[in-house]
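**Q** Chains A and B are the protein sequences, given in the same order.
Numbered by our numbering, the letters in the first sequence go through residues 35 to 147 in order.
Numbered by our numbering, the letters in the second sequence go through residues 83 to 195 in order.
Since the hints were made in silico from the structure, they are not lab data.
Treat the hints with caution; some may be incorrect.
[To be verified] DSS-like cross-link-like pairs, simulated, lysine-lysine; straight-line CA separation at most 30 Å:
#1 B/K155 x B/K190
#2 A/K91 x B/K187
#3 A/K48 x A/K91
#4 A/K45 x B/K137
#5 B/K137 x B/K152
#6 B/K137 x B/K160
#7 B/K155 x A/K91
#8 A/K48 x B/K187
#9 B/K187 x A/K45
#10 A/K91 x A/K105
[As the list claims (entries may be wrong)] Distance ranges between label pairs, derived from CB positions:
#11 A/G106 x B/S94: 39 to 49 Å
#12 B/S162 x A/G50: 47 to 57 Å
#13 B/E92 x A/D97: 33 to 43 Å
[Stated by the list, open to error] Cβ-to-Cβ under 8 Å is the rule here; a few derived chain B residues that face chain A:
#14 T102
#15 R125
#16 F173
Here the structure is a predicted model, which is why all the values come from computation and not from measurement.
Each residue gets a CB set at the ideal place from its N, CA and C atoms; glycine is no exception.
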Amino acid sequence: DTGVSQNPRHKITKRGQNVTFRCDPISEHNRLYWYRQTLGQGPEFLTYFQNEAQLEKSRLLSDRFSAERPKGSFSTLEIQRTEQGDSAMYLCASSSDHLLDLSFGQGTRLTVV
Amino acid sequence: AQTVTQSQPEMSVQEAETVTLSCTYDTSESDYYLFWYKQPPSRQMILVIRQEAYKQQNATENRFSVNFQKAAKSFSLKISDSQLGDAAMYFCANQGGSEKLVFGKGTKLTVNP
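Work out the full structure, taking the sequences as your base and the hints as a guide.
**A** This is the structure we're talking about:
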């Protein structure tokens, strides 16, 4: 068990570009979550998958954001036409049947210049 | 809507002393969980302790314990015999009624040698 893995760890992009992040959950976990954490704030929920089904999305997830988990294993989070306000740490977490064993990855820090 | 409030942006404690971090929350759910997470600098968020709302007994994990006051919607974290490795951001979180966690803004804990 290598824990939740996120790639890349850091991403710098120009405003207007598209970016994609990847999350590999703990292998036996069927639930996967994306959170966003801006400076000085706690993480905010973005979306949640159970296996390949996206079951809940936050209103924070505008139409520029899309998340997928095609085979119920790894997940990708894509941001189209990035804006400076998208600069944040994007955290992925996974769990089994309940949040009680939730494990977080180290996050992907996005900087939009 | 669920909310979590951490009123102490920063706290400091001397090594080997005890410190208490405050958290209040608001929820309309009758069954919910409360969590304290630790986020060291540039490292992943890890679970410190959790409390099921239906349990009256306060949770304890080694040097970490909580004071759960359900009627007051208060959930404070006590760290005894503080160690240098306890220095981190601490986040209080609430889960109830859905699969997402709602986090507070965090408290930065400094441990002085």
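**Q** Take the hints in turn and mark each one as holding or not.
**A** Comparing the hints with the structure gives:
At roughly 22 Å between alpha-carbon atoms, B/K155 and B/K190 fall within 30 Å of each other, so this suggested pair holds. For the given pair, A/K91 sits about 21 Å from B/K187 by alpha-carbon distance, which is consistent with the 30 Å threshold. Among the hinted pairs, A/K48 with A/K91 is consistent with the structure: their alpha-carbon atoms are about 26 Å apart, no more than 30 Å. For the given pair, A/K45 sits about 43 Å from B/K137 by alpha-carbon distance, which is inconsistent with the 30 Å threshold.
For a cut-off of 30 Å, the pair hint linking B/K137 to B/K152 stands: about 10 Å separates their Cα positions. Proximity of B/K137 to B/K160 is assessed by CA-CA distance (about 18 Å); at most 30 Å being required, the pair is judged to hold. For the suggested pair B/K155 and A/K91, the alpha carbons sit about 27 Å apart, so the restraint of at most 30 Å is met. About 28 Å separates the Cα atoms of A/K48 and B/K187, which keeps this hinted pair within 30 Å; it holds.
Annotation: proposed proximity of B/K187 to A/K45 holds, straight-line Cα distance about 24 Å (limit 30 Å). Restraint check for A/K91 and A/K105: satisfied, since their Cα atoms lie roughly 19 Å apart, inside the 30 Å limit. For the hinted restraint 39 to 49 Å between A/G106 and B/S94, the CB-CB distance of approximately 45 Å keeps it satisfied. Hint check: B/S162 to A/G50, Cβ distance near 51 Å, so the stated range 47 to 57 Å holds.
One distance hint, 33 to 43 Å for the beta-carbon pair B/E92 and A/D97, holds here, with the actual separation near 37 Å. Checking B/T102 against chain A: minimum C-beta separation of about 19 Å lies over 8 Å; hint violated. A distance limit of 8 Å between C-beta atoms decides the matter here; for B/R125 the minimum to chain A is near 7 Å, and the interface restraint holds. Hint status for B/F173: holds, given a least beta-carbon distance of 5 Å to chain A, under 8 Å.
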